[in-house]
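Dock chain Y against chain L, hints included.
Going down the list, the sequences are from chains L and Y.
Sequential numbering from 1 applies to the first sequence in my numbering.
Sequential numbering from 1 applies to the second sequence in my numbering.
Source of the hints: derived by calculation from the structure; they are not laboratory data.
Be aware that one or more of the hints could be misleading.
Said to hold, decoys possible - For lysine-lysine, the following BS3-like pairs were computed, each having C-alpha atoms within a straight-line distance of at most 27 Å:
(1) LYS237(L) to LYS237(Y)
(2) LYS66(L) to LYS86(Y)
(3) LYS343(L) to LYS370(L)
(4) LYS66(Y) to LYS171(L)
(5) LYS237(Y) to LYS295(L)
(6) LYS114(Y) to LYS149(Y)
(7) LYS86(L) to LYS156(Y)
(8) LYS295(Y) to LYS171(L)
(9) LYS127(Y) to LYS171(Y)
(10) LYS86(L) to LYS171(Y)
(11) LYS237(L) to LYS370(Y)
(12) LYS156(Y) to LYS115(Y)
(13) LYS237(L) to LYS171(Y)
(14) LYS86(L) to LYS171(L)
Protein chains: 2
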Amino acid sequence: MKIESVDFFYLSMPVVEDIGDGSQDATLVRVRAGGLEGWGECEAAPLPTIAAYVCPMSHSACKPVKASVEGMPLNEPDDIRRIAEKVHANSFDLLQADHTLSGIDIALWDLLGKKLGEPVYHLLGYKQAYPKTPYASQLFGDTPELTYKKAVQSRKSGYRAVKFGWGPIGKGNASEDAAHFRAAREGLGAEAYLMIDIGTVWGENVATARERLQALKEVNAYWLEEPFANMALGPYKQLSASGPRVPLAAGEGCNNYVQAAAMLDYAGLGFIQIDTGRIGGITPAKRVADEAAAKGITYVNHTFTSHLALSASLQPYAGLEKDIICEYPVEPKQLALDITAGKILPDTNGRILVPDAPGLGVEVQLQNLKDYIVDTEIRINGEMVYQTPAL
Amino acid sequence: MKIESVDFFYLSMPVVEDIGDGSQDATLVRVRAGGLEGWGECEAAPLPTIAAYVCPMSHSACKPVKASVEGMPLNEPDDIRRIAEKVHANSFDLLQADHTLSGIDIALWDLLGKKLGEPVYHLLGYKQAYPKTPYASQLFGDTPELTYKKAVQSRKSGYRAVKFGWGPIGKGNASEDAAHFRAAREGLGAEAYLMIDIGTVWGENVATARERLQALKEVNAYWLEEPFANMALGPYKQLSASGPRVPLAAGEGCNNYVQAAAMLDYAGLGFIQIDTGRIGGITPAKRVADEAAAKGITYVNHTFTSHLALSASLQPYAGLEKDIICEYPVEPKQLALDITAGKILPDTNGRILVPDAPGLGVEVQLQNLKDYIVDTEIRINGEMVYQTPAL
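Bound conformation, chain L alone (with noise of 0.2 Å):
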């Protein structure tokens, strides 16, 4: 089959807050071939990824992602790869290209494992997918004693493991952010695995993330995530080699295979952190899954929006038995919730499990969207390049 339309949608609530909320917003892709549709999401910012998408040519490696989409064929999962590495060469001075990528890369899998018949692991070459321990991912309340709170509903919630990130982490001083990190810890309790997420507030700056880490290790943080920019290398590299010890996770930024290969090289990483929604699609995240399993780096999803997102960042690692801990959006605004009819819900032991179901085994009810609609029209020179598509 080829590949016949490729529409973007974009979606709000009502109202955007200037919250560390990745779910206020979504850019939903729907892939049209041999009578089916794959959906993929990307996690991005839907104007300007629907602009990489549309936008005219500037030059021969500056191409709208659109041009290497269209039309092509689709059977195989080397079919997917192909259109990778021609988005990758046609675009690679498209900035936005990857972000765009992504949703599309997601649909294609989804898409081709509903007409193979097969969930998009078994595709990607697992025989099995393996339960994973789910992490409430949240943020940080405004107070300790908010943050407090938080974690002993977390616990209450039957979360074992939990992550708590954003707010006003890293912004204070160092004893403000220790009080945040024991009351997590505390409303938690001491068995659950507790993981702290600074939203690389700390830009390059080691001497800021070294005068936590005695506070970090004392709560037992299973990790530090986002010291730093994504892609500070020696930042990263400097605080892995400091003591006390304290794993470092992160990765969600990495635009492109090569940039998570840099991190899982040289930034003395002990968790890479991929979000399929960013890296363009589950054709790069299965290949960052395969090259940190050979260099004993534990691979954790990213994800913070919609179930359709939450498949598409659990297939990469699905049959990777070591790597037990997911990322699971455990308070996600309306709208992601609203995507999927279904959705991926802890088991009895409070283990969750990919979708044993063709493509990503989840279904986009667009129906119940319209509400959510961004009504986006762009013209160039009085053409109209994008109009939101009917539902």
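Chain Y in isolation, oriented as in the chain L frame:
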């Protein structure tokens, strides 16, 4: 003074060809403050770059670039650095943001230089600007015969350094590539610097690159540029350690300082090439120049478009006396030539010097650009969020 307005202009040749010539369109940025205007240019796809300026906020780290620029104070160089930091903090999940910031940062330096009556390189801390030997940057001919003719023409035009790139190179077999290399050397004569640019065609394929090293050595290539994808640190490092040794040049695809730092640390480069229109402007480019100097790696500008971009790209290393080579756009499209009134031309010794005038020292002539304007409109829920500004 405070930043009063930031305007983006999308310009294009009437026809954009599918060739490796980035001068076929342009993204110009005009910043106004205190009764003055500064100008910058993004070396980027215009539509996504504009979209990244005006898009609605997705979350606290995915804001439009606009949110960090308008109304900010602009009185001293540190104000520009603070704006860059703010953009990175507010927009690090918006991939295209660095390309958008690039033109703004350049315009801010131009504007501040005009206000303070100083050329930008003075504001960057250089007391003196040193002349650079321009290399003519041009595409390979479609055949070795055409490459030879272009090389002869370059020699007749007085260029002592010539780079050939893109076109057919790297896409055929090793002997076809070698025929082009030899044709270039024969046309230029033995004395000229000859650089070869592969335009990332080999992706991550070290073996293919190694097959060309002997031929590159035989024509005494001054450098081999971008054999691999930007940030493919492993392949670069492996090739740099292979014989016969040919110095490697890369970096034009870096869209922030930390990526360039990674290339300096781990790619085995002899030359780091920075496009101020992509890396986030003059601010991060100067940091790269400082770091490269400390590491003994030669800094070179990457410039294929206008003399506005050329001036901006020269400022970050204008004061580095030993880094003598600069890229010079020798066959840009008429649009790129029409952007500025004055041009940066070789002196009687064939060398060029950054203008000794306030700001970037080149004046944009907007009235000559109206035929190139690409009329663009972006509407979100019926509201016009971008419209081509009146000239």
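- Item | Straight-line alpha-carbon gap LYS66(L) to LYS86(Y), limit 27 Å | It is violated: about 32 Å lies between the C-alpha atoms, which goes past 27 Å.
- Message: Need the status of pair LYS86(L), LYS171(L): alpha-carbon distance at most 27 Å?
- Response: Violated, at about 42 Å.
- Would you check the hint for LYS237(L) and LYS370(Y), treating anything up to 27 Å between C-alpha atoms as holding? 51 Å, violated
- Mind checking the alpha carbons of LYS66(Y) and LYS171(L) for me, to see if they're no more than 27 Å apart? 23 Å, holds
- Is LYS114(Y) close enough to LYS149(Y), meaning Cα to Cα at most 27 Å? 43 Å, violated
- Holds or violated: LYS127(Y) with LYS171(Y), Cα cutoff 27 Å? 45 Å, violated
- Query: Within a Cα-Cα threshold of 27 Å, do LYS237(L) and LYS237(Y) meet the stated pairing?
  - Reply: Answer holds: LYS237(L) to LYS237(Y) is near 18 Å, not above 27 Å.
- Is the Cα-Cα distance between LYS86(L) and LYS156(Y) 27 Å or less? At roughly 38 Å apart (the allowed maximum being 27 Å), LYS156(Y) and LYS86(L) break the hint.
- Query: Given the hinted pair LYS86(L) and LYS171(Y), is their alpha-carbon gap at most 27 Å?
  - Reply: Between LYS86(L) and LYS171(Y) the Cα gap is close to 14 Å, so the pair holds against 27 Å.
- Message: So if I understand the rule, the pair passes when the alpha-carbon distance is 27 Å or less; does LYS237(L) with LYS171(Y) pass?
- Response: This hinted pair is violated, its Cα atoms lying about 37 Å apart.
- Does LYS343(L) pair with LYS370(L) here, judged by a C-alpha cut-off of 27 Å? Cα-Cα ~20 Å, so holds.
- Quick one, are LYS237(Y) and LYS295(L) close enough, alpha carbons at most 27 Å? Distance of about 18 Å is within 27 Å: holds.
Of the numbered hints stated above, those contradicted by the structure are hints 2, 6, 7, 8, 9, 11, 12, 13, 14, listed in ascending order.
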